[in-house]
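Visitor: Residues per chain are reported as follows:
Number of protein chains: 2
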Amino acid sequence: MIMKNNNLKTVGMEKGQLYETIISSLSANGRKNAAPIGVLCKSEEEVAVYIYQGSHTHKNISNSDYFVVNLTTNPLLLTECTLGDIPADYFYEFKGNPVLKENDAFFISRVIKKKELVHENELGSSPMTVFTAKVEEIVKNEDVVRPLNRGIYAVIESLIHFTRLEIGDFETRQNIYLKIKEMDRVARRVGSASEKKALQEILEAVHEKYKDLE
Amino acid sequence: MIMKNNNLKTVGMEKGQLYETIISSLSANGRKNAAPIGVLCKSEEEVAVYIYQGSHTHKNISNSDYFVVNLTTNPLLLTECTLGDIPADYFYEFKGNPVLKENDAFFISRVIKKKELVHENELGSSPMTVFTAKVEEIVKNEDVVRPLNRGIYAVIESLIHFTRLEIGDFETRQNIYLKIKEMDRVARRVGSASEKKALQEILEAVHEKYKDLE
Numbered sequence: 038m039i040m041k042n043n044n045l046k047t048v049g050m051e052k053g054q055l056y057e058t059i060i061s062s063l064s065a066n067g068r069k070n071a072a073p074i075g076v077l078c079k080s081e082e083e084v085a086v087y088i089y090q091g092s093h094t095h096k097n098i099s100n101s102d103y104f105v106v107n108l109t110t111n112p113l114l115l116t117e118c119t120l121g122d123i124p125a126d127y128f129y130e131f132k133g134n135p136v137l138k139e140n141d142a143f144f145i146s147r148v149i150k151k152k153e154l155v156h157e158n159e160l161g162s163s164p165m166t167v168f169t170a171k172v173e174e175i176v177k178n179e180d181v182v183r184p185l186n187r188g189i190y191a192v193i194e195s196l197i198h199f200t201r202l203e204i205g206d207f208e209t210r211q212n213i214y215l216k217i218k219e220m221d222r223v224a225r226r227v228g229s230a231s232e233k234k235a236l237q238e239i240l241e242a243v244h245e246k247y248k249d250l251e
Numbered sequence: 038m039i040m041k042n043n044n045l046k047t048v049g050m051e052k053g054q055l056y057e058t059i060i061s062s063l064s065a066n067g068r069k070n071a072a073p074i075g076v077l078c079k080s081e082e083e084v085a086v087y088i089y090q091g092s093h094t095h096k097n098i099s100n101s102d103y104f105v106v107n108l109t110t111n112p113l114l115l116t117e118c119t120l121g122d123i124p125a126d127y128f129y130e131f132k133g134n135p136v137l138k139e140n141d142a143f144f145i146s147r148v149i150k151k152k153e154l155v156h157e158n159e160l161g162s163s164p165m166t167v168f169t170a171k172v173e174e175i176v177k178n179e180d181v182v183r184p185l186n187r188g189i190y191a192v193i194e195s196l197i198h199f200t201r202l203e204i205g206d207f208e209t210r211q212n213i214y215l216k217i218k219e220m221d222r223v224a225r226r227v228g229s230a231s232e233k234k235a236l237q238e239i240l241e242a243v244h245e246k247y248k249d250l251e
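As given, the protein sequences belong to chains G and S, one line each in that order.
Each residue of the first sequence is one higher than the one before, counting from 38 in my numbering.
Each residue of the second sequence is one higher than the one before, counting from 38 in my numbering.
Calculated directly from the structure, the hints in this document are not laboratory data.
Be careful, since some hints might not be right.
[As the list claims (entries may be wrong)] Some chain S residues close to chain G (C-beta under 7 Å, calculated; not the full set):
hint, residue
1, V181
2, A242
3, H244
[To be verified] Taking lysine-lysine pairs in the DSS-like style, the calculated list, with each CA pair at most 30 Å apart, reads:
hint, chain 1, residue 1, chain 2, residue 2
4, S, K79, G, K46
5, S, K138, G, K234
6, S, K79, G, K52
7, G, K177, S, K216
8, S, K132, S, K233
9, G, K151, G, K171
10, G, K216, S, K177
11, G, K177, G, K248
Fair warning: this is a prediction, and the values are worked out from it, not measured in the lab.
The beta carbon of each residue, even a glycine, is placed where N, CA and C say it ideally should be.
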């Protein structure tokens, strides 16, 4: 089924959540690029992406002010796009934009705002640009699209970790606890309100039951 | 929509994959129990569950030869069932079986085979029973049911880890590598053929690019 519109709800994307997607973009000399990138749903018709400066995607979006968000759950396609450049014949052209032939849905996004920031983490600082974009057109290839969000998995992983806290010595339990805290960070960054709340409840239960962990 | 049948494909479950579910069961004295448990899809009409001996679920299934598989993506419900006993009013009775009021779909399973085994891991050994069961009736409450499978998540996490291998010292990278190997175990246990293949490709790329990791 092909259905065109510009409301992100039709592809299952909810405001405030971040989805794992493949972004395709075009270079100034016509070269098609695809990279796995998290896309934040800002509203029903707006997204934001945080892109490292120096990347192909950054150069292409800065140059054209357009990018395509491809939604797929194909593990091999996601892997190929991460490990290296994919062949040119994986793409086709849709109204001047490079689109992956294989996806469950895609949408054309037009940049309406740019903001520079520096992302700091334990390994150093990296300059990034936040591109806010308007959804111009959504094309669905599947009746039901399931955009990939890590929130519910962060909850599931944490619950599995929680049940394992009963066994093992202090060091083992401390390591498990750190994994739950990592999942809490994931949920807070990408998840829904109830996924964040679930993680809070899990952490409270851990603190109540295992007072030695920190 | 309520649709009754006994083919697991109608709730999105595929042969060979393991799904995170909530199993509800009834004790000999009529007490309803719910626990988060992985359910292996053996065929379109058969599942298998590995249950620790000594658990309520084990006692109930051994006693009644019946259990209910509830499919839900509600993070708070999954959390409540893991952290403790849920209130009696979370259940209703369906043909003598306890079913969660809130779920996207559920199915009644009748045990047709039991096998005892001992699960060995780094923390000791635990006796378990593998119950193989026939799906007697599926009830769908949602048009589209998305059963929770950790396979694609294992791929996504591994790809995120892979991109982080470029930065950091040896110890950091070694820790990241161990996380990818953990995700490989998850994919092999619960995932689809292409999710397993994706993990293989990721590990091959790691070995090729970072020969110091082991």
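Visitor: The structure should be examined with respect to each hint, and the outcome stated for every one.
Guide: Evaluated hints:
1. V181: Where the cut-off is 7 Å and the nearest Cβ of chain G is about 5 Å from S/V181, the hint holds.
2. A242: 5 Å, holds
3. H244: Interface hint status for S/H244: violated (12 Å vs cutoff 7 Å).
4. S/K79 / G/K46: Violated, at about 34 Å.
5. S/K138 / G/K234: 21 Å, holds
6. S/K79 / G/K52: Distance ~37 Å between S/K79 and G/K52 Cα, so the pair is violated.
7. G/K177 / S/K216: 34 Å, violated
8. S/K132 / S/K233: Roughly 39 Å separates the two Cα atoms, so the pair is violated.
9. G/K151 / G/K171: 12 Å, holds
10. G/K216 / S/K177: 34 Å, violated
11. G/K177 / G/K248: Violated, at about 50 Å.
Hints 3, 4, 6, 7, 8, 10, 11 from the list above are not met by this structure, while the remaining hints are.
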